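Participant: Chain by chain, the residues:
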Amino acid sequence: MSNAKTDKPIKKRKVKLEGDLLNYKGVWVLVESERGHVHPVSWELMGQGRLLADQLGVELCGVVMGAPGPELQAQCEAAFAYGADRCYRVASPVLADYRNVPYTQALTDLVNQFKPEIMLLGATTLGRDLAGSVATTLKTGLTADCTELAIDPEDRCLLSTRPTFGGSLLCTIVTLNYRPQMATVRHRVMPMPEAQPERSGLIVDVDPHLVETDVITKILDFVPDDQSGKPQLPYAEMIVSGGKGLGKAENFKLVWDLAKTLGAEVGASRAAIHAGWIAADRQVGQTGKTVRPALYIAAGISGAIQHRVGMEASDCIIAINNDPSAPIFDFAHYAIVGDCVQVLPALRKTFAAYLGKP
Amino acid sequence: MNIVVCIKQVPDSTHIRVHPVTNTIMRQGVPAVINPYDLFAIEAALQIRDTHGGKVTVITMGPPPAAVALRKALAYGCDEAVLITDKIFSGADTLATSYVLASAIATLGKEQPVDLVFTGKQTIDGDTAQVGPGIAKRLNLELLTYVSKIVAVNREAGKIQVERRAEGGVQLLETRLPALITMLEGTNEIRFGSAPDMFRAARAEIRTWDRESAGIEDLKKVGLKGSPTVVSRVFGPTPRAEKAQQIAFDPAAPQAATDALLEKVLAEIPKVGKELERHKVEAGAGANHE
Amino acid sequence: MNQPTEKFDVIVVGAGPAGNAAAYTLAKAGKKVLQLERGEYPGSKNVQGAILYADALEKIIPDFRDSAPLERHVVEQRMWLMEEQSHLGTHFRSDQYNQQPGNRYTIIRARFDKWFSDQVQQAGALVLCEMTVTELLKDESGRVIGVNVDRENGRIYADAVILADGVNSLVASRAGLREDIKPAAVALGVKEIIFMPKETIDARFNLTGQEGAVIEMFGSISEGMVGTGFLYTNKDSISVGIGCMLSDMKQQQTTPVELLEKLKRHPSVAPLIAGGETREYAAHLLPEGGYDALPKLYGEGWMLVGDSAGFLNAVHREGSNLAMTTGRLAAETLLELFAAGQPASASNLARYQARLDESFVMKDLKKYRKIPGMLDRQRQFVADYPGLLNQAAFNFFSVDGRDKEAKEKEIIASFRQRRSLLGLLGDAFRVWRATR
Ligand SMILES: Cc1cc2nc3c(=O)[nH]c(=O)nc-3n(C[C@H](O)[C@H](O)[C@H](O)COP(=O)(O)OP(=O)(O)OC[C@H]3O[C@@H](n4cnc5c(N)ncnc54)[C@H](O)[C@@H]3O)c2cc1C
Ligand SMILES: Cc1cc2nc3c(=O)[nH]c(=O)nc-3n(C[C@H](O)[C@H](O)[C@H](O)COP(=O)(O)OP(=O)(O)OC[C@H]3O[C@@H](n4cnc5c(N)ncnc54)[C@H](O)[C@@H]3O)c2cc1C
Ligand SMILES: Nc1ncnc2c1ncn2[C@@H]1O[C@H](COP(=O)(O)O)[C@@H](O)[C@H]1O
Numbered sequence: 018m019s020n021a022k023t024d025k026p027i028k029k030r031k032v033k034l035e036g037d038l039l040n041y042k043g044v045w046v047l048v049e050s051e052r053g054h055v056h057p058v059s060w061e062l063m064g065q066g067r068l069l070a071d072q073l074g075v076e077l078c079g080v081v082m083g084a085p086g087p088e089l090q091a092q093c094e095a096a097f098a099y100g101a102d103r104c105y106r107v108a109s110p111v112l113a114d115y116r117n118v119p120y121t122q123a124l125t126d127l128v129n130q131f132k133p134e135i136m137l138l139g140a141t142t143l144g145r146d147l148a149g150s151v152a153t154t155l156k157t158g159l160t161a162d163c164t165e166l167a168i169d170p171e172d173r174c175l176l177s178t179r180p181t182f183g184g185s186l187l188c189t190i191v192t193l194n195y196r197p198q199m200a201t202v203r204h205r206v207m208p209m210p211e212a213q214p215e216r217s218g219l220i221v222d223v224d225p226h227l228v229e230t231d232v233i234t235k236i237l238d239f240v241p242d243d244q245s246g247k248p249q250l251p252y253a254e255m256i257v258s259g260g261k262g263l264g265k266a267e268n269f270k271l272v273w274d275l276a277k278t279l280g281a282e283v284g285a286s287r288a289a290i291h292a293g294w295i296a297a298d299r300q301v302g303q304t305g306k307t308v309r310p311a312l313y314i315a316a317g318i319s320g321a322i323q324h325r326v327g328m329e330a331s332d333c334i335i336a337i338n339n340d341p342s343a344p345i346f347d348f349a350h351y352a353i354v355g356d357c358v359q360v361l362p363a364l365r366k367t368f369a370a371y372l373g374k375p
Numbered sequence: 013m014n015i016v017v018c019i020k021q022v023p024d025s026t027h028i029r030v031h032p033v034t035n036t037i038m039r040q041g042v043p044a045v046i047n048p049y050d051l052f053a054i055e056a057a058l059q060i061r062d063t064h065g066g067k068v069t070v071i072t073m074g075p076p077p078a079a080v081a082l083r084k085a086l087a088y089g090c091d092e093a094v095l096i097t098d099k100i101f102s103g104a105d106t107l108a109t110s111y112v113l114a115s116a117i118a119t120l121g122k123e124q125p126v127d128l129v130f131t132g133k134q135t136i137d138g139d140t141a142q143v144g145p146g147i148a149k150r151l152n153l154e155l156l157t158y159v160s161k162i163v164a165v166n167r168e169a170g171k172i173q174v175e176r177r178a179e180g181g182v183q184l185l186e187t188r189l190p191a192l193i194t195m196l197e198g199t200n201e202i203r204f205g206s207a208p209d210m211f212r213a214a215r216a217e218i219r220t221w222d223r224e225s226a227g228i229e230d231l232k233k234v235g236l237k238g239s240p241t242v243v244s245r246v247f248g249p250t251p252r253a254e255k256a257q258q259i260a261f262d263p264a265a266p267q268a269a270t271d272a273l274l275e276k277v278l279a280e281i282p283k284v285g286k287e288l289e290r291h292k293v294e295a296g297a298g299a300n301h302e
Numbered sequence: 170m171n172q173p174t175e176k177f178d179v180i181v182v183g184a185g186p187a188g189n190a191a192a193y194t195l196a197k198a199g200k201k202v203l204q205l206e207r208g209e210y211p212g213s214k215n216v217q218g219a220i221l222y223a224d225a226l227e228k229i230i231p232d233f234r235d236s237a238p239l240e241r242h243v244v245e246q247r248m249w250l251m252e253e254q255s256h257l258g259t260h261f262r263s264d265q266y267n268q269q270p271g272n273r274y275t276i277i278r279a280r281f282d283k284w285f286s287d288q289v290q291q292a293g294a295l296v297l298c299e300m301t302v303t304e305l306l307k308d309e310s311g312r313v314i315g316v317n318v319d320r321e322n323g324r325i326y327a328d329a330v331i332l333a334d335g336v337n338s339l340v341a342s343r344a345g346l347r348e349d350i351k352p353a354a355v356a357l358g359v360k361e362i363i364f365m366p367k368e369t370i371d372a373r374f375n376l377t378g379q380e381g382a383v384i385e386m387f388g389s390i391s392e393g394m395v396g397t398g399f400l401y402t403n404k405d406s407i408s409v410g411i412g413c414m415l416s417d418m419k420q421q422q423t424t425p426v427e428l429l430e431k432l433k434r435h436p437s438v439a440p441l442i443a444g445g446e447t448r449e450y451a452a453h454l455l456p457e458g459g460y461d462a463l464p465k466l467y468g469e470g471w472m473l474v475g476d477s478a479g480f481l482n483a484v485h486r487e488g489s490n491l492a493m494t495t496g497r498l499a500a501e502t503l504l505e506l507f508a509a510g511q512p513a514s515a516s517n518l519a520r521y522q523a524r525l526d527e528s529f530v531m532k533d534l535k536k537y538r539k540i541p542g543m544l545d546r547q548r549q550f551v552a553d554y555p556g557l558l559n560q561a562a563f564n565f566f567s568v569d570g571r572d573k574e575a576k577e578k579e580i581i582a583s584f585r586q587r588r589s590l591l592g593l594l595g596d597a598f599r600v601w602r603a604t605r
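Going down the list, the protein sequences come from chains A, B and C.
So the first sequence is residues 18 to 375, counted in our numbering.
So the second sequence is residues 13 to 302, counted in our numbering.
So the third sequence is residues 170 to 605, counted in our numbering.
Simulated from the structure, these hints should not be mistaken for lab results.
If a hint is listed, it holds; no wrong ones were tucked in.
Stretch by stretch, here's where chain B covers chain A in the computed footprint (C-beta under 8 Å, at least three residues):
hint	stretch
1	43-57
2	152-159
3	230-243
4	320-332
5	352-365
The model shown is predicted, which means the values in this text are computed figures rather than measured ones.
Even glycine gets a Cβ: it sits at the ideal position worked out from N, Cα and C.
Please model the entire structure based on the sequences and the hints provided.
Facilitator: Next comes the structure, spelled out in structure tokens:
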């Protein structure tokens, strides 16, 4: 993003669209699939895209890419169920597995042909790889890792908001005089919309004219991750997280104990991970996992913006902190000002009694 | 192998604070470091050089003090350094940055063809992960992002094999050189340069390029002017409309507070009650823990 | 790698005020100087927020005021005797301190050290950071001929080595040039920098422009240990800290963090720093053994300067000026020898000792040589008097219907209760003698 170095809001620059750029209409969402499996972030984006499209009074379109087959049909139908009005189906054997060059070429061509004003992608490894390449090829702006998307009612511009720098700040970025306006959003930042299976839409088939022999990069092998035993933070309905305020590694056990009683997942702030108290895949926040549980208990976590953006969508946030002015109390629902080493065991006992556990 | 590594000097994020009153970033006294992700790129490049020969050139686009970052890279063992600096580059977003870097790499390529370009996965200030892909597209290099391992390099055949972190697993990819690799974090450990390296780095001449020497062709594509995105607002997070409800806590009777808390939560947030209910039923089943 | 061996006229170990003064003086005179610093950059390892005494720096860089990052010049000095809820104090403020050139400044060490190091480099010295000296290289005769650093091929040679590596000076102790530091001879200082807008600081301390204030604190804050607290105003931040003898801390099992937190909560201090944001916390040792704890200061091919030799005036909390002065004197000694074509042998380096003896450094240290021991033995100075005085003041100033004479009697009685009249006289005499 440009001007990240500006500390103050800068003068509002007027968006001026000229010539062909005026023809760019509609909101697009890339339906990201790898090995036939649609990444749920795509449906979250579809839900958000629906809101933006309605506000602009334009169509919401899904972009479905992959090897020809029934899977693409199913993906289009799912896209309709989650809110799309139309789907561009780009099928080619060359697109069977994700590779940068053919995907970039296919998506770039599609944009040039159908001209969307907004294009949203998941901030996954695939989404970031593709978005960066497509934006450069199209010479347009791209805002990464947004936590909020909105439309400026005045000039119909996409307002992409994301945390900035290490500080506790957010910034809103707009793309001037270029189209489409591109943004990537992380998994679980936007709510999952309710599927409406009765919805349907129009499928537009597009042949990307890709030839395998033109593609230089070859996939020799793919080793899927072993998911067993991995923390499933993004989907957890209850999470107990510990931060630097726990004081020392041993105290993290109190977090595990409470989580065990609750049947909850264990999360952590980056400071706790840096301290080496817990594995890195349990980090919640901007550079860790984004979560939206029903219950989030934060023990000894200050509530820095990078942590906050990863968990503020939780239905109920209980914060334990011994500093009454800790920023986390600005957005938690319940506050206990006290030493988490004392509060956590008490909380465990309370829940154990309620749940009828030892 | 002729390898170029792009690095950026960034403020050490652990030291950045927001001014409590003016809500602006306090930059004063914040030490500048090499973007930590870029260290993995530097080390990967050095390892390839060590086994296959050739040289590693580090480049950065930034203000003159960014030379410090380049010198540091030289101390790790990189062979040459180029600072790309010009007033008109300021205010660049990733699109404009990748244009300048791509032009500079092309210029280096005229001295000797470039086989590999490395960047970090992302920067800790921009955090976009876009500059690497941007450079690759502009130079028409094969792009390999999120690389976790360099498996094999065959210079004669002009080929490279890498493992790439994909969404649901790891891809083993083979492509041709020249290519651009963005290196994943945690994949190697930066070496500790020798004392002679420290002397060499301190005395090395750092080439400084402006728009002309960097071979910039279109001045409209650089800096603020060449950046399609602008920051329209910087602001602090807004507190929730209501502050958190305070539950009185007395260390002498801790459970009184937590009991009161649970009662409140159950009364006010039904979703939590429902979730707990599930666990009452499931009690004893146990969740998946390490 | 077969790099040619590096050889310099002088190697200076450490880039604090002492090392910088030495390296600058030598480089300015055209010597081939290598300065080694273990930190990531000069100042990165140094405790922030301090007082700079102009005179010592002026003798090295006369026009330093033009470019050095000075925070404020000190126009007001307060001395507070602290009791749990009160303080009794003096203010000395003079408009004379507003006259140019200024005499004392508050600085932030990280910035100041960086600036000083820039001057050193501009003067022509080669400064390498992230180079930790692990040992001194000696020839068969035991003469120091260089240093070894913690990196591969780390042997570097020089005609003389100046050790300016601070209070711990592991290099010197490891080489047997001095003993390991003893807890009774060092204080542990902790401090914090608390940021707030300049206007707030100006209003709270009654300052305008670049004016600054300093508070020195004694008494209950050190919980009976030998120690002092301090508070300095910087441009848009306040440095607050406390130092106590390491031996005392060990004995009382107090952590420096607790002490500092307590100081910050003191009702006289809390309002001054309220609302600020703490940004730096650091702990650092200070050599407070004084004159009697000084080790041998030079030998075959080496010299000790600054904290590494223990040059610190605990009573006046002066350290950096002694560091800079000793650094300069060591450098000047070498310059004189080089000019005469003489080697840096122990007998020749005796001239360093002579220069030191003539300077304020040794004179001041001698003057106060009794203080460290006295405070250690006579705890009443830190433990009792501040409390008694505060109580006295409280009694005296509280209007409660009793006549003043009765109050005076009560006050005197309370002092007598704690110390006999003879003891009181003795204390007064001891202070006089120790500072004479
Ligand atoms: C680019 C970038 C990305 C980042 N990404 C993330 C991210 O994804 N996730 C993340 O979490 N952070 C992230 N951070 C770091 C983030 O800015 C904070 O530094 C971090 O979240 C702080 O963790 P913490 O709250 O545990 O620690 P601290 O900020 O140290 O807070 C500890 C808290 O515990 C309280 N406390 C102390 N003792 C006790 C006690 N006995 N009982 C109760 N409370 C106590 C203190 O009052 C304090 O509020 C990122 C930073 C940067 C620059
Ligand atoms: C809390 C506190 C407050 C103080 N306040 C004041 C004050 O207000 N005014 C004042 O005049 N003085 C003050 N002092 C004292 C003053 O800070 C010191 O006397 C002064 O810093 C000494 O300078 P120096 O150069 O000898 O040592 P240092 O400043 O300690 O510098 C030594 C340098 O050597 C480096 N080093 C150490 N070992 C090695 C190695 N093996 N290889 C390479 N490099 C190495 C270190 O990283 C460091 O940069 C204070 C001290 C403290 C702790
Ligand atoms: N100004 C720059 N100069 C050199 N390299 C850069 C610059 N900005 C970004 N990069 C490289 O591009 C990578 C991704 O940056 P970003 O897109 O900002 O997250 C970084 O890890 C660097 O390797």
